[in-house]
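*Asks:* These are the residues of each chain, in order.
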Amino acid sequence: MTAPALRLVDVSKSFGRTEIVRDVNLEVSRGERHAIIGPNGAGKSTLFNLISARFPVSSGRIELNGDDITSLRAFEINRRGLSRSFQITNIFHNLTVFDNVRCALLWSLGYRYSFWRRLSALADAGERADEVIQRIGLRRRRDTLASTLSYAEQRALEIGVTLAGGADVVLLDEPTAGMSRSETEEAVALIRRVSEGKTLVMVEHDMGVVFGLADRISVLVYGRIIATGTPAEIRANPAVQEAYLGTSRAHA
Amino acid sequence: MKPPPLLTARRLLMWGGYLALILLAPLLSRSGYWLSLLSQVAIMTVFALSFNMLLGQTGLLSFGHAVYYGLGAMITMHALIAVNQQVVPIPVTLLPLVGGLGGLVFGVLLGYVTTRRAGTTFAMISLGIGEMVAASSLMFPAFSGGEGGLSSNRVIGKGWFGITYGPQIQIYYLIALWGFACVVAMYALAHTPLGRIANAVRDNPERAEFIGYNPQVVRFLMVVLAGFFAGVAGGLTALNYEIVTSESLHAYTSGLVIMMAFVGGVGYFFGPILGALLITVLQMAVSSLTAAWLFYFGLLFLVVVLYAPGGVASVVVEHRRLWHAGVLGRLAPAYLLAALPVLLVGAGVVAVVETVYRLMKEDSARLRVLGFTLDASRGLFWVAVVAAIALGMLLLRKVARTVSDERHRAYATLRQERT
Numbered sequence: 001m002t003a004p005a006l007r008l009v010d011v012s013k014s015f016g017r018t019e020i021v022r023d024v025n026l027e028v029s030r031g032e033r034h035a036i037i038g039p040n041g042a043g044k045s046t047l048f049n050l051i052s053a054r055f056p057v058s059s060g061r062i063e064l065n066g067d068d069i070t071s072l073r074a075f076e077i078n079r080r081g082l083s084r085s086f087q088i089t090n091i092f093h094n095l096t097v098f099d100n101v102r103c104a105l106l107w108s109l110g111y112r113y114s115f116w117r118r119l120s121a122l123a124d125a126g127e128r129a130d131e132v133i134q135r136i137g138l139r140r141r142r143d144t145l146a147s148t149l150s151y152a153e154q155r156a157l158e159i160g161v162t163l164a165g166g167a168d169v170v171l172l173d174e175p176t177a178g179m180s181r182s183e184t185e186e187a188v189a190l191i192r193r194v195s196e197g198k199t200l201v202m203v204e205h206d207m208g209v210v211f212g213l214a215d216r217i218s219v220l221v222y223g224r225i226i227a228t229g230t231p232a233e234i235r236a237n238p239a240v241q242e243a244y245l246g247t248s249r250a251h252a
Numbered sequence: 001m002k003p004p005p006l007l008t009a010r011r012l013l014m015w016g017g018y019l020a021l022i023l024l025a026p027l028l029s030r031s032g033y034w035l036s037l038l039s040q041v042a043i044m045t046v047f048a049l050s051f052n053m054l055l056g057q058t059g060l061l062s063f064g065h066a067v068y069y070g071l072g073a074m075i076t077m078h079a080l081i082a083v084n085q086q087v088v089p090i091p092v093t094l095l096p097l098v099g100g101l102g103g104l105v106f107g108v109l110l111g112y113v114t115t116r117r118a119g120t121t122f123a124m125i126s127l128g129i130g131e132m133v134a135a136s137s138l139m140f141p142a143f144s145g146g147e148g149g150l151s152s153n154r155v156i157g158k159g160w161f162g163i164t165y166g167p168q169i170q171i172y173y174l175i176a177l178w179g180f181a182c183v184v185a186m187y188a189l190a191h192t193p194l195g196r197i198a199n200a201v202r203d204n205p206e207r208a209e210f211i212g213y214n215p216q217v218v219r220f221l222m223v224v225l226a227g228f229f230a231g232v233a234g235g236l237t238a239l240n241y242e243i244v245t246s247e248s249l250h251a252y253t254s255g256l257v258i259m260m261a262f263v264g265g266v267g268y269f270f271g272p273i274l275g276a277l278l279i280t281v282l283q284m285a286v287s288s289l290t291a292a293w294l295f296y297f298g299l300l301f302l303v304v305v306l307y308a309p310g311g312v313a314s315v316v317v318e319h320r321r322l323w324h325a326g327v328l329g330r331l332a333p334a335y336l337l338a339a340l341p342v343l344l345v346g347a348g349v350v351a352v353v354e355t356v357y358r359l360m361k362e363d364s365a366r367l368r369v370l371g372f373t374l375d376a377s378r379g380l381f382w383v384a385v386v387a388a389i390a391l392g393m394l395l396l397r398k399v400a401r402t403v404s405d406e407r408h409r410a411y412a413t414l415r416q417e418r419t
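Read top to bottom, the protein sequences are chains R and F. Our numbering numbers the first residue of the first sequence as 1 and each following residue consecutively. Our numbering numbers the first residue of the second sequence as 1 and each following residue consecutively.
Any given hint could turn out to be false.
To be verified - Cβ pair distances, simulated, as ranges: (1) R:120 <-> F:414: 26 to 34 angstroms; (2) R:120 <-> F:19: 21 to 29 angstroms; (3) F:8 <-> R:182: 39 to 47 angstroms; (4) F:369 <-> R:118: 49 to 57 angstroms; (5) F:343 <-> R:182: 51 to 59 angstroms; (6) F:339 <-> R:123: 47 to 55 angstroms; (7) F:132 <-> R:118: 36 to 44 angstroms; (8) F:32 <-> R:147: 46 to 54 angstroms; (9) R:197 <-> F:409: 51 to 59 angstroms; (10) F:14 <-> R:147: 24 to 32 angstroms; (11) F:113 <-> R:120: 33 to 41 angstroms; (12) F:127 <-> R:120: 30 to 38 angstroms.
Claimed, not checked - A few chain F residues that don't get close to chain R, going by computed Cβ distances all over 10 angstroms: (13) 20; (14) 61; (15) 305; (16) 369.
Stated by the list, open to error - Just a few of them, taken from the derived set where beta-carbon distance is under 10 angstroms, the chain F residues facing chain R: (17) 3; (18) 188; (19) 189; (20) 192; (21) 194; (22) 195; (23) 196; (24) 197; (25) 199; (26) 203; (27) 204; (28) 207; (29) 214; (30) 218; (31) 221; (32) 225.
Hints in this document: simulated from the structure, not taken from any laboratory. Only a predicted model underlies this, so the values are computations on that prediction, with no experimental measurement involved. The beta carbon of each residue, even a glycine, is placed where N, CA and C say it ideally should be.
Whenever a hint applies, use it, and build me the whole structure from the sequences.
*Replies:* Structure representation (structure tokens):
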């Protein structure tokens, strides 16, 4: 049996005395689309920040494709094939769309810190960047500065930058936050398109998006995972209904 | 997809023009002053561009960039002394490279310490290291030459084809060609993977980590490479003046390069070139006219930071855009209108500065300008000066609105034509 793409073992995180994430155990197998849901302040984003080494864990272990990555730094984890997007758009504002995506490709294409190669002569980087830009639907904005894009375009670029490097495990932090209905639909279609064949872990508030995209769902409440299962199992889980979906059922 | 050609017609024209300019400039005048001005501009261009590899490209504000320049100059001088003593056989032509390597080595040593952090921390550490190196240069007089500095002779033997680097014109061409090579190299560097990732680290170091890059390594490499070019600039200075004092690595020199970059514009590659040109010309021209030249420097810096925060380069780029759109001519009347109040304020400020400076230094409040005698000990002088400045300010406020309206109109036209 191959190791899961991502595995969390008893992961905890405290800020001072406040425990934000408590003994989280999670396994995401290869090619799975996994959503993490939970009320505001449940620790979803913190969990992402732990996996991607934005913060160090207080205790526990994180494995990527069977390798312990707990004490690695963000760029080392990225080089091993895990990439992430951010809830608040996090791109290179004074670079063009094309350069944003091309920068995100350079390491994976082996150009690293090269200062002896001419960037515009790197045909593979240019072509791959244009492919990614095509896929995220920003071809007409290719040479626009990222800071002047619309919000939805910036979100698309965020996903493009996240995926360009060819990571096979991708964390998306609220990819549709702040979007209108139609923008959300486009974003979902985009995510479905670009995450083909990849392992996807996402934090998302929009239940339509979650139940439409995810193969499996974990519910995080007060830093603890109270349930993991298929969308149908999660819907039927009384504890989840109690803790989380209860409110939405009351509305329905 | 075929890679774009390295030499396009536009690039050839641009670089060819630049090369022709620096090669032909000495023919304009035979005076030694002109040649030493050109030499100094060429050196400062390299120095200012190397500084902007950090500030403009990587987002690192260094208050101690003169360290690499000064140490490069001193190391070159030691090499020149050794060549003179026939200890090492390095041709004088290649000595700037020694300065560059010196800058590079110190870039490795000091960059390791400074680049662990960016932002304010980097700025403060660079300031501290600058002060430390400047202080220790006097503690090791054998290396720095102490108070008197280091000096040597760049003319060694008969030279090849009559090139001894004795005459200033020969050393100018050495400086100009090294300078040109460095400018081309730094431009090329900005268009490599490292150069672009440096921009990415400048914009968003955290995100850079999530695309696989270690921002510390990126900053470190940029500091090392900038140290190399600053060291070359120092080496050229050493050959140009044949003397190096510890002032070359002092905070004053670090401040000067910051001014050049800011006044020229850090947002554009060619900004620091303009800044180096402008500041050096001012430095040499104004300092020969008035002892208060440092004051005017400060004033210029303030005006640029307040009214043209993108530097001269951004003003140039902006007006070039308007010119291409064919609407620049529309601004001319407004600009002409603004000239009068600017002149009034300028003349008033200069009159005050000059007379007061004289009063303080020489106990004489009189100043003769264009046949007039300005006398700061008389009340009428002050009335006139205050009136000129006040009137100028008042007019300027009015005119400023007209200018800004005209500019908005010009931009509106520009936008319309684009859509």
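*Asks:* If a hint holds in the structure, say so; if it doesn't, say that too.
*Replies:* We went through each hint and held it up to the structure:
{"no.": "1", "hint": "R:120 <-> F:414: 26 to 34 angstroms", "result": "28 angstroms, holds"}
{"no.": "2", "hint": "R:120 <-> F:19: 21 to 29 angstroms", "result": "22 angstroms, holds"}
{"no.": "3", "hint": "F:8 <-> R:182: 39 to 47 angstroms", "result": "43 angstroms, holds"}
{"no.": "4", "hint": "F:369 <-> R:118: 49 to 57 angstroms", "result": "55 angstroms, holds"}
{"no.": "5", "hint": "F:343 <-> R:182: 51 to 59 angstroms", "result": "58 angstroms, holds"}
{"no.": "6", "hint": "F:339 <-> R:123: 47 to 55 angstroms", "result": "52 angstroms, holds"}
{"no.": "7", "hint": "F:132 <-> R:118: 36 to 44 angstroms", "result": "38 angstroms, holds"}
{"no.": "8", "hint": "F:32 <-> R:147: 46 to 54 angstroms", "result": "49 angstroms, holds"}
{"no.": "9", "hint": "R:197 <-> F:409: 51 to 59 angstroms", "result": "54 angstroms, holds"}
{"no.": "10", "hint": "F:14 <-> R:147: 24 to 32 angstroms", "result": "27 angstroms, holds"}
{"no.": "11", "hint": "F:113 <-> R:120: 33 to 41 angstroms", "result": "35 angstroms, holds"}
{"no.": "12", "hint": "F:127 <-> R:120: 30 to 38 angstroms", "result": "37 angstroms, holds"}
{"no.": "13", "hint": "20", "result": "24 angstroms, holds"}
{"no.": "14", "hint": "61", "result": "16 angstroms, holds"}
{"no.": "15", "hint": "305", "result": "20 angstroms, holds"}
{"no.": "16", "hint": "369", "result": "46 angstroms, holds"}
{"no.": "17", "hint": "3", "result": "4 angstroms, holds"}
{"no.": "18", "hint": "188", "result": "7 angstroms, holds"}
{"no.": "19", "hint": "189", "result": "6 angstroms, holds"}
{"no.": "20", "hint": "192", "result": "5 angstroms, holds"}
{"no.": "21", "hint": "194", "result": "4 angstroms, holds"}
{"no.": "22", "hint": "195", "result": "7 angstroms, holds"}
{"no.": "23", "hint": "196", "result": "6 angstroms, holds"}
{"no.": "24", "hint": "197", "result": "6 angstroms, holds"}
{"no.": "25", "hint": "199", "result": "6 angstroms, holds"}
{"no.": "26", "hint": "203", "result": "4 angstroms, holds"}
{"no.": "27", "hint": "204", "result": "5 angstroms, holds"}
{"no.": "28", "hint": "207", "result": "5 angstroms, holds"}
{"no.": "29", "hint": "214", "result": "5 angstroms, holds"}
{"no.": "30", "hint": "218", "result": "7 angstroms, holds"}
{"no.": "31", "hint": "221", "result": "6 angstroms, holds"}
{"no.": "32", "hint": "225", "result": "7 angstroms, holds"}
Violation of the numbered hints given earlier is absent; every hint is satisfied by the structure.
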